[in-house]
Amino acid sequence: MAVLARLSLTDAEVERLSTELEAILDYVETLEEVDTTDVRPMSHVLPLATPLREDRAAAPLDPQAAVVNAPESAGSAFVVPRVIDGEEEG
Amino acid sequence: MDYEVVIGLEVHTQLRTESKLFSPAPVSYGEEPNHSVHPVCLALPGVLPVLNGQAVELAIRAALATHCEIHPYSVFARKNYFYPDLPKGYQISQYEEPLATGGWIDIELGEGLTKRVRLTRIHMEEDAGKSIHDSEITGGHATHVDLNRAGIPLLEIVSEPDLRSPAEAAAYLRTLRSILRYVDVTDADMEKGHFRCDANISLREPGTSEFGTRTELKNLNSFRFVEEALHAEIDRQGELLDDGVAVQQATMAFDASSQRTRVLRLKEDADDYRYFPDPDLIPLQIDLADIDRVRDELPELPEDRRARFREQYALSDDEAVQLTASRASAEFFEAAVVTQGSAKPIAKWMLRDLAQVLGQLEIGIEDVVLTPDQFAALVGLVEEGRVTPKSARELLPELVERGGDPTALASERGLEAVTDSGVLEGVVDQVIADHPEDVERYRAGEGKVLNFLMGQVMRRTEGKADPGAVRDLLSRRLS
Amino acid sequence: MEASSPLPSLRGVRDLLDSGEGTSVGIVNEALERADALDEALGAFTGMRAEGALEDAAAADARRAAGRTLSPLDGVPVAIKDNMVMEGEPTSCASRILEGFVSPYTSTVVERLRSRGAVIVGRTNLDEFAMGSSTEHSCFRPTSNPWDLDRAPGGSSGGSAVAVASRIVPAALGSDTGGSIRQPASHCGVVGMKPTYGRVSRWGLVAFASSLDQIGVFTRDAGDAALLLEAIAGHDPADSTSLREPVPRFSEELTGDISDLVIGLPREYFLDEGVDPGVLAAVRDGVSVLERAGAKVREVSLPHTRFAVATYYLIATAEASSNLARYDGVRYGRRAASATDLSQMYFLSRSEGFGEEVKRRIMLGTYVLSAGYYDAYYRKAQQVRALVLDDFQKAFDECDVIATPTCPETAFRLGEKTGDPLSMYLGDIYTVSANLAGIPGISVPCGMAGGLPAGLQLLGGPLQEATLLRAADVFQRLTSHHTAVPTAI
Ligand SMILES: [Mg+2]
Ligand SMILES: [Zn+2]
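Line order of the protein sequences matches chains A, B and C.
The opening residue of the first sequence carries number 1 in the working numbering; numbering runs sequentially from there.
The opening residue of the second sequence carries number 1001 in the working numbering; numbering runs sequentially from there.
The opening residue of the third sequence carries number 2001 in the working numbering; numbering runs sequentially from there.
Source of the hints: derived by calculation from the structure; they are not laboratory data.
From a predicted model like this one, the values you see are computed outputs, not experimental measurements.
Do not rely on the hints blindly, as some may be mistaken.
To be verified - These stretches of chain C come out as covered by chain B in the derived footprint (C-beta under 8 angstroms, 3 or more residues): (1) 2091-2100; (2) 2209-2218; (3) 2326-2333; (4) 2368-2376; (5) 2404-2415; (6) 2469-2482.
Claimed, not checked - Computed list of chain C residues with no C-beta within reach of chain B, every gap over 10 angstroms: (7) S2004; (8) P2104; (9) Y2105; (10) C2139; (11) E2253; (12) A2318; (13) E2319; (14) S2321; (15) L2463.
Heads up, the beta-carbon is just placed ideally off N, CA and C, and yes, glycines get one too.
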């Protein structure tokens, strides 16, 4: 789970988190009592359809403003440690 | 052993919009890094997506053009994974409830054979950014991230595993691309990566109905690549099976220089994308009335147009296929026919001479300045014998690049055919007088000498004489 | 500690400005001075915006002098929770991972406040990324409750609640995902309101759980809440979940009459077990005030209430795990200095940047979305969510307003619950259902229990903010709990 979430945890953290998560998951098990046969899962409370935007381009962000917060940049590009060939991509 | 090849393709094509799928940033190509971004493209804290209506319209058009069933209710989901060029840490895509399912396209396999390829689904999703690994740019120890492409609308079109050879796969891609361009959904510019393909491929013994273990070939960016990569992968899988080794489910890459495929990663360590409906977007709902409107506005599809061209203009299969290969070409043809009246010469001149000029100039028919009217006028001049084919061919490149009235241009260049019979007779008599031995040989029965004499006449008239008229005149004088 | 003078309420400030007895520059200065004097003890703010605020105040004074006042908020100091962005200003979400981040764009709420002349004076403390119920999970420091500095103010909008309760500012914005406005309002003795989901734009609100997050207001009374809410509410095309319905002038709907209202008391919220008897008594007293004012009271039932907290934590953490994936050290925020390869950049930056509670929730959320668990947890929670909404729809067939305690108990001690996340989560038992159902809710001070404030929560059907504000206003006209000044400052 920590790998999927890209978190590196110390052994102590792992131990504490697993106890806590177990307690929470135990508690969450109470939902099993609820009969949800034929209940449509509700991902949203809004009785709406997603609104559509007109296809008009707005002025882009100033490229310097785009990278000003970056820990590392070169020109107007973000810089990250080298991506090794074969490192997975979606 | 010969195996049956089973191929299914996933195509990603860029929708033709001004702005991105969920962000008002402009869609651009070839800009400096991060010059076409908006807070949404950078996934800044607090930004939210709003769906581009034109992208939906184009997606509906594509679904109709490929005979899909469009769902009035579809859901955008988040596909979660980490990668530096994926700014939000998830891609917004459609997963369990896509826009459209269950269509088909017919592909031509040559010699009048067609095959129906079924489509599994069509959905909308956003593109990721670009990671730049080129060490000349990055200095070697780093990767640069450019988010200009991040958020550009893509259409993903997934076929059923109906394709049985690399050639069929290529034909499918060509046809699909042509249809999508016809209905103005995409430019599908392959160089710009607007039309990309992943291929699922497996082999099985002929006559069996179960599928073999498949591999997925990623990022095949040209028709040639697709064919080459599929051949390489068929060879690889075939060799494994011949040796009694099981094919492992894997994601593969194709290396063009070695013409070999290699494993990128095995499926057992496949990602868990944790798809779930994007809570920032409510489900997309499409009115039946809107679908009907888009259907009404849909241009004639290539397959329909092809059939009509064959009938209406009495064209050969081949001519009809070539002229309808793009909507621009088909429309140019029809507009020219309206002016000129007869279809056959227009078709010939388009497919032979105009195509040659376009090839030399490396442009498409949509880039020519020459109007269909002007083109029709030029063909008309040839038909009436007022300009020789040779002269017309000489005028064509300039007309293509600059346009203009062919009649005026021909007279400006002195390329009007020599039709004045007095002038022509004078030249013919002169040639006969200058070549007595050849005249003798002709009269002695060496028929082909006539061609030499004709050539002489043409040279002296600088090619402006109507060859038919010259031949008539010469044979009359020499008989 | 009383080195500075308390600021009046929002309408009090407006009256001073209207009468010419005060200037915006003067009042903003007082707010800044009071923050200066009190905040070392309280920790309500993550940063003040002194220079910009004084410039804005001077501009407001100039407008007023020219007879071009923009709104009742013109020149009034307001604080915003530090999870709403403003161009040129830092936004921290009280997280190390946003270290150094300065926003290049402005949230819709801040835009709206400023276009109506309100002066943003500072950013308030919160639980990191709004995840918590105590404002202890801040990378800066915990916020203290002005009624007892050893106690937590509640959370996650604890800083905003404390800033208003301590009379540093007359009004503040917060965000409410599972009770993050109403619960600290209750613990600090102020009014806190969460509007209908979609009423206020989320553009520029740093997301915790997108389908539950909603921006709302802190003020001292319902009249002020009405003024502030009508300034920030309304359709925003930049937020796909923004409602198109027109926004009433809430401040004009406070008629003082609630004789037309039926107040429903959900049986499940008034069980004697699990609730502090003092809190329950104060809430029952509050209901009888409304009854005496002419409202009818009847019992209703919300049978799925006891599943609401579990449902909430599954949905909220799932959404959060995905919303927080963008903090990767690539485009902004913290990147671990020791990261030498890509994988370390992710793992170390996120592990160093996020605090404990955030990591806990990311882990839980990642788990409930993962292959094989999705149906059992996430899908199941979405189904129960539908049933919770169903409960409310049925209840609102029988009543106009639902009254409940806001919290089962008063403010707990700092550190008391940090070791037991589950018991902290259960403190949200009365508030989370409104977020699951997307309905509006308000917490109004209704008395004291053991020397600490208790809150009466009123819930309404979708878009019924006006009704809630009218009822809360009537309640406050008849009571004086909201005028009590915190005793520890
Ligand atoms: Mg795919
Ligand atoms: Zn895709």
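Item to complete: If any of the earlier hints don't hold here, list their numbers in rising order.
Response: 5, 6, 8, 9, 12, 13, 14
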